[in-house]
Amino acid sequence: MPRIPGIGDTSAILDDGLEGLEHNFVTARVEDLVKWSRARSCWPATFGLACCAIEMMATGAAHYDLARYGMEVFRASPRQADLMIVAGRVSQKMAPILRQIYDQMMEPKWVISMGVCASSGGMFNNYAIVQGVDQVVPVDVYAPGCPPGPETLMHAILTLHGNIQSGELTRRREANAGGAAIHVEPPAPVPSAQPVELGSR
Amino acid sequence: MGYFRGFAVTFKKMFERRVTTSYPEQKRDKPARLHGRHVLNRYEDGMEKCIGCELCAGVCPANCIYVRGADNPPDDPVSPGERYGFVYEINYLRCIHCDLCVEACPTEAITESKLFEFSFTNRSDAVYTKDELVVDASTGRPQHLPWEDWRPGEDEHTSAWMRATSPSGDATYTGRVSWSGELGHGVRAPEVGQAGGAAASDDGPDDGPDDGEGPA
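If you're matching them up, the sequences are chains A and B in order.
The first sequence begins at 1 in the numbering used here and counts up one residue at a time.
The second sequence begins at 1 in the numbering used here and counts up one residue at a time.
Keep in mind that a hint or two might mislead.
[To be verified] Far from chain B, by Cβ distances over 10 angstroms, these chain A residues were calculated:
1. THR10
2. ASN24
3. ALA28
4. GLU31
5. ASP32
6. LEU33
7. THR46
8. ALA50
9. ALA53
10. ARG68
11. MET94
12. ARG99
13. ASN125
14. CYS146
15. PRO150
16. PRO191
[Unchecked claim] Using 20 angstroms as the maximum straight-line C-alpha spacing, the simulated SDA-like pairs for lysine to any residue come out as follows:
17. LYS13(B) with ALA61(A)
18. LYS13(B) with ALA62(A)
19. LYS109(A) with LEU158(A)
20. LYS130(B) with GLU148(B)
21. LYS30(B) with LYS109(A)
[As the list claims (entries may be wrong)] With the Cβ distance kept under 8 angstroms, some of the chain A side facing chain B (calculated, not the full set):
22. GLY122
23. ASN126
24. ILE129
25. PRO138
26. HIS155
For the record, the hints were derived by calculation from the structure and aren't laboratory data.
Positions of the beta carbon are idealized from the N, C-alpha and C atoms, including for glycine.
With the rest of the complex left out, here is chain A (with noise of 0.2 angstroms):
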């Protein structure tokens, strides 16, 4: 093996590892790489459906400053975000075009329901608002509140940093079959009526 500038003679590399080297090393696993870019680099798609979306502006402007955590940038295109924070109240009919844009999201992503009305319908619970985003889309970690404050919403996207670094939320949707506890069947095969006998006419 020949000698690389900056790192040294790596000819014993085989037999001694990483020792014989000049340099140190920091070694990592690349699942644990991946896991903390993602975590920091996790940019929102705006959501915005009610007065919650007021309180999401607050906590991305400079007071409480969401550029800490690498996710200042708001994405007005889902293929171009990561999360997504559904604030406010979701009608019914508001509820296919959510979907839709969750659908558009490039994987992995993930969803905050941000106040009590994306969460369960909150104080309206009646036929026009759905009664829990999560019938619609996976929710990964619900905000309380109405509105949730700026630092609930910190609260309950710190809470997901921890878990995608954790990996807890992959192991999740394995258990969850990827999204909603909504389970598509594939269609059973139609049994045919009777057996095609050829050249009997």
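Given chain A, put chain B in place with the hints provided.
Leaving out everything else, chain B in the frame of chain A:
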């Protein structure tokens, strides 16, 4: 020179104090009447204040409170009255923190603390049972659940809203103590919101934007 004049605001702001509160390290001061997570209080002798009258559940506009009352066991009573609340649940995915339950409660059993930093990863965590809501039987402080972000000293402010508000909405009664003592606190003084209240409270309403001790 017009180029630099355009940056005048930028350069001026560069040397001002930052307004950012870096949340996980420090919290912004809360106003005296903030509505946060509820607590169920106890009297000074450790008895629960809740009598299971279900007025809070009746007044709740979001129908997030579920209460069932039962007769007190005569040999080991839970509350000093005839009845006590043996089931008390609040769904925090419905609660809008309007404090109507605190107003409706005849015994000041339910008050709101100033904790508002909590979030859940599943729905069952969000339904607080009575064991989670009631204050600790020895210290009288709220219980710290793993998904809540309590800081030292925050659990002392459990009924500030009630003590900052005039009893029955009558402004002429300001400054009078009309509430009973709490376990671990005793009979507390009125808050700064009332005339005759504490002059300088440690949790005053000073919530100005320059309050945060952000990095200079």
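If you test the structure against every hint from before, which numbers come out violated? Of the numbered hints given earlier, those the structure breaks are 10, 13, 14, 15, 21, 23, 24, 25, listed in rising order.
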